[in-house]
Amino acid sequence: MYGWAGQRLRVNLSNGEITKEPLSYEYRRKWMGGRGFNSEVIYNEQPANIDPFDPEARVCFGVGPMSGTAAPSTGRVTVSAKSPLSGGHGDANMGGHWGAEVKYAGYDQIVVQGRAKKPVYLWIDDDKVEIRDASHLWGKYPREADQMIKEELGDEDIHIMLIGPAGENMVRFACCFNDVWRAAGRTGTGGVIGSKNLKGIATRGSGTVKIADPKKMMDVCDGLRQKMKTDVMKEGLYEYGSLVLINVANRDGWFPWKNFQEGAHPLANNMSGETHAATVLKHREGCFACPICCGRFTQIKEGKYAGEEFGGPEYEHAVPTGPRCGILEDANDIWHNARLTNDYGMDGIECGGTIAAAMEWYEKGLITTKETGGLELEWGNEEVVETLIRMIGKREGFGNILAEGADRAADKLGLGEKGHYYTITTRGLTLPGDDPRGLGFGYGLSFAVGTRGGCDHLRSLCCMELSGALYPGLNTKLLGDERANRPVTTVGKPYMVYYEENQKTTTDCLNVCCFTTHWSYAVQTQDQVDYLNATTGLDFTEEEFQEVGERVYNLERAYWNRLMSGAREDTVPERFLKEPMPQGVDYQTNVGATFPLNDMLKKYYRYRDWDPKTGFASAKKLKALGLENVAKDLEPLRAKYLSEAEKKKKKWYC
Amino acid sequence: MANRKVLVFNNEVCTGCRSCVVGCSLYHDGECGKVVSRVAVVRNERFGESFVVGCDGCTDAPCVAVCPTGACAMDVTAGIAKINADKCIGCKECAMVCPFGAINMHYKTGKAFKCDLCEGREQGPVCADWCPSGAITYQNVEVAFKIKRREKLTEKLQAAKIGEEV
Numbered sequence: 241m242y243g244w245a246g247q248r249l250r251v252n253l254s255n256g257e258i259t260k261e262p263l264s265y266e267y268r269r270k271w272m273g274g275r276g277f278n279s280e281v282i283y284n285e286q287p288a289n290i291d292p293f294d295p296e297a298r299v300c301f302g303v304g305p306m307s308g309t310a311a312p313s314t315g316r317v318t319v320s321a322k323s324p325l326s327g328g329h330g331d332a333n334m335g336g337h338w339g340a341e342v343k344y345a346g347y348d349q350i351v352v353q354g355r356a357k358k359p360v361y362l363w364i365d366d367d368k369v370e371i372r373d374a375s376h377l378w379g380k381y382p383r384e385a386d387q388m389i390k391e392e393l394g395d396e397d398i399h400i401m402l403i404g405p406a407g408e409n410m411v412r413f414a415c416c417f418n419d420v421w422r423a424a425g426r427t428g429t430g431g432v433i434g435s436k437n438l439k440g441i442a443t444r445g446s447g448t449v450k451i452a453d454p455k456k457m458m459d460v461c462d463g464l465r466q467k468m469k470t471d472v473m474k475e476g477l478y479e480y481g482s483l484v485l486i487n488v489a490n491r492d493g494w495f496p497w498k499n500f501q502e503g504a505h506p507l508a509n510n511m512s513g514e515t516h517a518a519t520v521l522k523h524r525e526g527c528f529a530c531p532i533c534c535g536r537f538t539q540i541k542e543g544k545y546a547g548e549e550f551g552g553p554e555y556e557h558a559v560p561t562g563p564r565c566g567i568l569e570d571a572n573d574i575w576h577n578a579r580l581t582n583d584y585g586m587d588g589i590e591c592g593g594t595i596a597a598a599m600e601w602y603e604k605g606l607i608t609t610k611e612t613g614g615l616e617l618e619w620g621n622e623e624v625v626e627t628l629i630r631m632i633g634k635r636e637g638f639g640n641i642l643a644e645g646a647d648r649a650a651d652k653l654g655l656g657e658k659g660h661y662y663t664i665t666t667r668g669l670t671l672p673g674d675d676p677r678g679l680g681f682g683y684g685l686s687f688a689v690g691t692r693g694g695c696d697h698l699r700s701l702c703c704m705e706l707s708g709a710l711y712p713g714l715n716t717k718l719l720g721d722e723r724a725n726r727p728v729t730t731v732g733k734p735y736m737v738y739y740e741e742n743q744k745t746t747t748d749c750l751n752v753c754c755f756t757t758h759w760s761y762a763v764q765t766q767d768q769v770d771y772l773n774a775t776t777g778l779d780f781t782e783e784e785f786q787e788v789g790e791r792v793y794n795l796e797r798a799y800w801n802r803l804m805s806g807a808r809e810d811t812v813p814e815r816f817l818k819e820p821m822p823q824g825v826d827y828q829t830n831v832g833a834t835f836p837l838n839d840m841l842k843k844y845y846r847y848r849d850w851d852p853k854t855g856f857a858s859a860k861k862l863k864a865l866g867l868e869n870v871a872k873d874l875e876p877l878r879a880k881y882l883s884e885a886e887k888k889k890k891k892w893y894c
Numbered sequence: 002m003a004n005r006k007v008l009v010f011n012n013e014v015c016t017g018c019r020s021c022v023v024g025c026s027l028y029h030d031g032e033c034g035k036v037v038s039r040v041a042v043v044r045n046e047r048f049g050e051s052f053v054v055g056c057d058g059c060t061d062a063p064c065v066a067v068c069p070t071g072a073c074a075m076d077v078t079a080g081i082a083k084i085n086a087d088k089c090i091g092c093k094e095c096a097m098v099c100p101f102g103a104i105n106m107h108y109k110t111g112k113a114f115k116c117d118l119c120e121g122r123e124q125g126p127v128c129a130d131w132c133p134s135g136a137i138t139y140q141n142v143e144v145a146f147k148i149k150r151r152e153k154l155t156e157k158l159q160a161a162k163i164g165e166e167v
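Order-wise, the sequence lines are chains E and Z.
Under our numbering, the final residue of the first sequence carries the number 894; numbering is consecutive throughout.
Under our numbering, the final residue of the second sequence carries the number 167; numbering is consecutive throughout.
There may be inaccurate statements among the hints.
Beyond 10 Å from chain E on every Cβ pair, some chain Z residues (computed) [said to hold, decoys possible]:
#, residue
1, 24
2, 27
3, 31
4, 35
5, 44
6, 47
7, 66
8, 76
9, 79
10, 108
11, 131
12, 138
Taking lysine-lysine pairs in the BS3-like style, the calculated list, with each CA pair at most 27 Å apart, reads [unchecked claim]:
#, chain 1, residue 1, chain 2, residue 2
13, Z, 147, E, 455
14, Z, 83, E, 469
15, E, 455, Z, 157
16, Z, 112, E, 368
Because the hints were derived from the structure by calculation, they are not lab data.
Quick reminder that beta carbons are idealized off the backbone N, C-alpha and C, glycines included.
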């Protein structure tokens with residue numbers, strides 16, 4: 241078989257049953273791979289309202305037809321489960337080399353269900369799959385466990401997916417890693433893995449991915465790699481990693497200072513990619529087959545954390561436990577916090593966002609030292625943040641409450657609407673460090689409608705509005721309107737988000753990194769279709785390519801609809817709608833701006849063919865996408881969603 | 002000799018991305034995988050270290066010296082040892098004797114295979130062509146050495162802070 245491995249590995253940890261199922265041609269064509277396979281399993285194999293920590297809840301690891309091939313950046317893996325944090329559809333995506341290894345071992349997807357009686361890890365040695373004892377690994381940081389497993393199995397070249405102590409303790413925003421440092425951060429899949437008593441999956445793959453038309457594939461990849469070499473966005477990412485965004489964010493006023501109270505800070509350059517590269521950068525790191533290599537390896541050289549080494553940081557990873565909590569004076573504190581969230585195995589965005597919300601509750605007097613167990617949650621208090629990260633990871637004291645995520649913590653503390661005002665979340669998931677008032681209105685719209693808990697930078701990743709100007713003609717070609725190039729405008733944005741969401745979803749189904757397609761636009765949709773066809777020998781068209789994304793996206797959306805989450809929940813945190821961006825230090829572009837969500841939502845629904853009242857997809861649309869069963873599922877729920885009883889419920893999460 | 006081009010490996014800057022690996026395997030075998038690549042990347046994720054291993058193009062090549070059938074022979078024009086699969090008996094002697102581990106046995110044929118500098122490829126070896134960090138470069142031997150020498154001098158000057166503007 242070309243492209244795909246053609247096989248799904250299913251592991252039931254309750255009874256130790258391991259099965260391999262073939263994936264039919266129709267199935268592969270319909271769902272493509274990675275995120276598509278995963279979303280299909282998550283939707284169809286479990287009841288929508290299952291407890292995410294229930295043994296029968298599924299957690300899926302999917303790779304796509306392009307994984308392990310020579311196309312640019314094919315090392316991604318999609319990890320999906322019902323999110324313990326948002327309560328809805330959850331998935332996350334990580335780089336590294338494990339994805340390619342899974343493919344080389346001969347699998348397109350690994351589905352884990354059940355709960356082992358004691359801690360275990362999975363050892364996949366090509367077609368030999370074994371459940372092994374992990375009692376000695378329980379409680380270990382990923383960097384320790386990785387080494388121990390490699391020594392135990394006697395092979396340093398294997399690649400391992402792991403969770404940290406936070407995952408074991410079922411922190412609601414725990415994540416999983418591969419290659420020690422590459423995290424599938426969001427939506428709390430690590431807790432689901434931990435609830436199954438699964439520490440990790442070690443993998444050795446000694447197979448290859450067969451290519452239908454090697455000559456054409458070589459031509460396509462050659463062309464793309466030449467293009468990447470001189471790509472302007474690639475340059476910045478290679479030199480400075482995603483931290484290159486710090487100075488840009490600060491300049492344009494979307495730097496999330498103190499839980500988004502302000503959009504810039506004079507000290508931002510302390511943690512910029514430029515400063516990082518000049519001070520603590522040890523190596524540049526590359527995920528599998530990547531021409532960009534935006535990964536960093538950091539070695540702290542000075543201060544009390546001197547000598548600490550870790551993989552990272554990233555912009556989104558470092559900002560929340562840094563400036564979002566008011567820390568910016570000493571960048572080493574920020575690097576240390578980022579490393580600490582890695583060690584415990586938590587989503588840095590959610591962890592920092594939750595602590596930042598707690599700090600604002602404290603500032604506004606909603607909580608006092610009585611609730612926090614004596615901790616004074618002052619902005620910028622590095623020691624308190626450090627302590628809280630540890631307490632959350634271990635679920636101790638006040639940390640045990642915050643480990644529930646910002647919105648659940650607000651409810652546990654009984655803070656009511658006021659408390660939720662300061663949790664910068666949509667559908668229970670914390671927003672990354674991008675302020676839509678300054679970053680771009682397309683970005684903001686995708687925070688409102690995204691399918692993994694609404695608020696995410698990796699749903700549409702419509703960087704076209706930011707970097708579009710660097711690729712003249714791109715917006716006209718794709719969207720028919722060059723004016724969409726400007727970030728702070730609503731012109732063209734609804735269609736841009738619609739287009740980019742579909743495009744990005746298929747990209748996730750191929751499991752190709754979106755930095756080649758959505759940050760840098762060196763690889764465009766037609767190029768992706770070209771390498772997909774050269775690899776698989778099939779005849780996808782650009783329209784079909786987009787349709788796969790649209791199908792998967794609507795399926796994920798339906799997961800939320802089944803949980804009575806629809807149009808009313810399509811919003812961004814009130815702060816962005818109500819509070820005008822305050823006068824900043826050295827930025828002017830968006831002072832006084834709020835985020836004009838409603839202007840764009842209606843148009844967006846029209847492109848999607850979603851009912852503006854309910855936010856449910858029309859039955860016609862679902863059927864056209866081949867989602868007949870979904871149309872049937874949603875039919876009785878439309879009226880229910882509009883009932884008075886449902887209207888009264890305020891759903892911060894499901 | 003002066004015009005001979007060689008692969009130069011600089012592990013200081015290797016990011017471990019394996020772009021070289023997928024390119025090499027696709028170009029030579031028409032499939033993608035580590036097991037069919039002529040260049041290999043070994044990594045230590047814990048400490049973020051990566052190391053690229055490929056044929057360094059020995060002049061007095063041990064792989065040629067040990068080959069019992071003459072399958073592994075020096076291509077004088079290209080300046081690299083090449084393996085003739087038809088003559089190879091798969092004894093693994095060359096793979097064992099290579100000081101770098103740059104020779105592998107093919108999973109389909111059981112015969113030895115190694116770098117041939119992408120014979121016939123216009124743009125030169127694909128690994129160097131696709132390397133995003135400059136860890137693998139394809140250079141004229143003399144130029145490579147010149148750069149190497151200059152590097153040391155530059156380092157020395159920098160260490161002594163000579164040439165920096167006051």
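Here's how the hints hold up against the structure:
With a least CB separation of 6 Å from chain E, residue 24 of chain Z falls inside the 10 Å interface cut-off, contrary to its annotation. A beta-carbon of chain E is positioned within 10 Å of the beta-carbon of residue 27 of chain Z; the least distance is around 4 Å. Listed as outside the interface, residue 31 of chain Z is inconsistent with that label: its C-beta sits roughly 3 Å from the nearest C-beta of chain E, within the 10 Å cut-off. Non-interface status of residue 35 of chain Z relative to chain E is broken: a Cβ of that chain comes within 10 Å, the nearest being about 7 Å off.
Some Cβ of chain E comes within 10 Å of the Cβ of residue 44 of chain Z; the nearest lies about 7 Å off, and the non-interface call is violated. Not every CB of chain E lies more than 10 Å from the CB of residue 47 of chain Z, the least distance being 5 Å, so the non-interface label is violated. Residue 66 of chain Z, annotated as away from the interface, keeps every beta carbon of chain E farther than 10 Å; the closest lies near 29 Å. Every Cβ of chain E is farther than 10 Å from the Cβ of residue 76 of chain Z; the closest lies at roughly 23 Å, confirming the non-interface assignment.
At the 10 Å boundary, the C-beta of residue 79 of chain Z stays outside the reach of chain E, the nearest C-beta of that chain being 21 Å off. Distance to chain E contradicts residue 108 of chain Z as a non-interface residue, since its nearest Cβ pair spans about 7 Å, not more than 10 Å. Interface exclusion of residue 131 of chain Z from chain E breaks down, the closest Cβ pair being 5 Å apart, not more than 10 Å. Against chain E, the non-interface label of residue 138 of chain Z holds: every CB pair exceeds 10 Å, the least being about 13 Å.
In summary, the hint linking residue 147 of chain Z to residue 455 of chain E is not supported, as the alpha carbons are separated by about 37 Å, beyond the 27 Å threshold. For the proposed pair residue 83 of chain Z and residue 469 of chain E, the alpha carbon gap of about 30 Å is over 27 Å, so the pair is violated. This hinted pair does not check out: residue 455 of chain E and residue 157 of chain Z have alpha carbons roughly 47 Å apart, beyond 27 Å. With a C-alpha separation of about 25 Å, the suggested pairing of residue 112 of chain Z with residue 368 of chain E holds against the 27 Å cut-off.
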